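For the sequence shown, UniProt numbering begins at 1 and goes up steadily by one.
These are calculated hints, taken from the structure and not from any lab test. Keep in mind that this is a model prediction, so the values were computed, not measured. Certain hints may be false.
Quick list of in silico lysine to aspartate or glutamate cross-link-like pairs, EDC-like style, CA-CA up to 20 Å [unchecked claim]:
id, residue 1, residue 2
1, K192, E104
2, K36, D134
3, K131, D144
4, K36, E96
5, K36, D50
6, K192, D134
7, K131, D143
8, K36, E78
9, K192, D170
10, K192, E45
11, K192, E211
12, K131, D177
13, K131, E78
14, K131, E157
15, K192, D101
16, K192, E39
17, K36, E54
18, K192, D122
19, K36, E138
20, K192, D123
21, K131, E39
If you anchor each label on the Cβ, the simulated ranges turn out as follows [to be verified]:
id, residue 1, residue 2, range
22, S153, D101, 21 to 27 Å
23, A150, V93, 21 to 27 Å
24, A207, A231, 28 to 34 Å
25, D134, P28, 31 to 37 Å
26, A97, R65, 14 to 20 Å
27, P85, D143, 41 to 47 Å
28, A124, I83, 40 to 46 Å
Just so it is clear, CB atoms sit at the ideal spot from N, CA and C, and this is done for glycine as well.
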Amino acid sequence: MAISGPSTYPLDAGHSAPSLKIGEQHMPLFAVIRDKLRERILSGEFTPGDRLIEGRLSDDMGVSRIPVREALRALAAEGLVTIEPRRGASVAVPSEAIAYDMVEVRATLEGLNAKLAAQRRDDATVTRLRKFLDDGTEAARSDDLQQFLALNSQFHEMLATIAGNVVLTDLMRSLRDRTALLFAPSNMRRAKQNWDEHAQILNAVIAGNGELASLLATQHVHNAARAYTEAQQQNQPSAA
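Just need the whole structure built from these sequences, with the hints factored in.
Below, the structure written as structure tokens:
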């Protein structure tokens, strides 16, 4: 699959699943499971095409199959999971055509979002962004992939808040859900590269340079898509 512009393991692979203590949760049970599964997909623990077997997931998490089934349906609505008759659920594998279309749209929207943020930031915003930059630098030093994933989500929400365009925010949030697999960093090297690109965008926003922020954000989307393509190609068996 090649995406170019104009962020897991199989359940039967013998890996130990992280514990899930949910007895005291206040969220609906299916929502807790949904969030945990989303985290495991986006962290790379489950990769595109991996089967998500209800029985094994329910055993892993110590819950019945019903909330697991509801969680998988919710993730299917987000585009992270595919559910097929008689086969069940698996991590979604975006088609080349759909992936390219989504990358084109997301690159444009991310560029506009960064440009608006640069134009509308104020002194209080600049202080928050500088603190965020410090947090990202610390995460880079500690090689903490989970923290990088959290910072990645916060980065996009922060810029959207600063940009202050509700319609754009809603469009981008929906598109991010659908493209999450394309942009989840698959390893620390890509996670750090993601952060370096985020830092450049943030610095342009802090400086109030909307054109540069837009250009960097657009390039960032295409870079992430290219990294996904390369990772997928490396995982494909060689032709005989």
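Here is how each hint holds up against the structure:
1. A C-alpha spacing of about 23 Å is found between K192 and E104, which places the hinted pair above 20 Å, so the restraint is violated.
2. Proposed proximity of K36 and D134 is contradicted: the alpha carbons are some 27 Å apart, above 20 Å.
3. Annotation: proposed proximity of K131 to D144 holds, straight-line Cα distance about 18 Å (limit 20 Å).
4. Of the pairs offered as hints, the one joining K36 and E96 is violated, with about 27 Å between alpha carbons and a cut-off of 20 Å exceeded.
5. Between K36 and D50 the alpha-carbon distance is near 16 Å, which keeps this suggested pair within the 20 Å criterion.
6. Proximity of K192 to D134 is assessed by CA-CA distance (about 14 Å); at most 20 Å being required, the pair is judged to hold.
7. Pair hint K131 plus D143 holds up; C-alpha atoms about 19 Å apart against a cutoff of 20 Å.
8. With a CA separation close to 14 Å, the supplied pair K36 and E78 stays within the 20 Å bound.
9. With a C-alpha separation of about 27 Å, the suggested pair K192 and D170 falls outside the 20 Å cut-off, and the hint is violated.
10. Proximity of K192 to E45 is assessed by CA-CA distance (about 18 Å); at most 20 Å being required, the pair is judged to hold.
11. The suggested pairing of K192 with E211 is violated, with an alpha-carbon distance near 24 Å, which exceeds 20 Å.
12. Distance hint between K131 and D177 is unfulfilled; the C-alpha atoms sit about 26 Å from each other, more than 20 Å.
13. Under the criterion of a C-alpha separation no larger than 20 Å, the hint pairing K131 with E78 is inconsistent with the structure, at around 31 Å.
14. Between the alpha carbons of K131 and E157 the distance comes to roughly 15 Å, so the proposed pair stays at or under 20 Å and holds.
15. Taking the CA atoms of K192 and D101, the gap is near 26 Å; set against the 20 Å cutoff, the hint is violated.
16. In summary, the hint linking K192 to E39 is supported, as the alpha carbons are separated by about 18 Å, within the 20 Å threshold.
17. The straight-line distance between the Cα atoms of K36 and E54 is roughly 14 Å, inside the 20 Å bound, and the hint therefore holds.
18. A hinted pair counts as satisfied when its Cα atoms are at most 20 Å apart, and K192 with D122 does not qualify at roughly 28 Å.
19. The hinted pair formed by K36 and E138 fails the criterion: a straight-line CA distance of about 25 Å is larger than 20 Å.
20. Between K192 and D123 the alpha-carbon distance is near 28 Å, which puts this suggested pair outside the 20 Å criterion.
21. For a cut-off of 20 Å, the pair hint linking K131 to E39 is broken: about 25 Å separates their Cα positions.
22. Look at S153 against D101: about 23 Å separates their beta carbons, and that is inside 21 to 27 Å.
23. Between A150 and V93 the Cβ separation comes to about 25 Å, which falls inside the hinted range of 21 to 27 Å.
24. Between A207 and A231 the C-beta distance comes to about 33 Å, which sits within the given range of 28 to 34 Å.
25. Look at D134 against P28: about 36 Å separates their beta carbons, and that is inside 31 to 37 Å.
26. For A97 and R65, the hinted distance range of 14 to 20 Å is not satisfied, since their beta carbons lie about 34 Å from each other.
27. Taken as a hint, the range 41 to 47 Å holds for the pair P85 and D143, whose Cβ atoms sit roughly 42 Å apart.
28. A124 and I83 have their C-beta atoms about 45 Å apart, which keeps the hinted 40 to 46 Å range intact.
The structure fails to meet hints 1, 2, 4, 9, 11, 12, 13, 15, 18, 19, 20, 21 and 26 from the earlier list, while all remaining hints are met.
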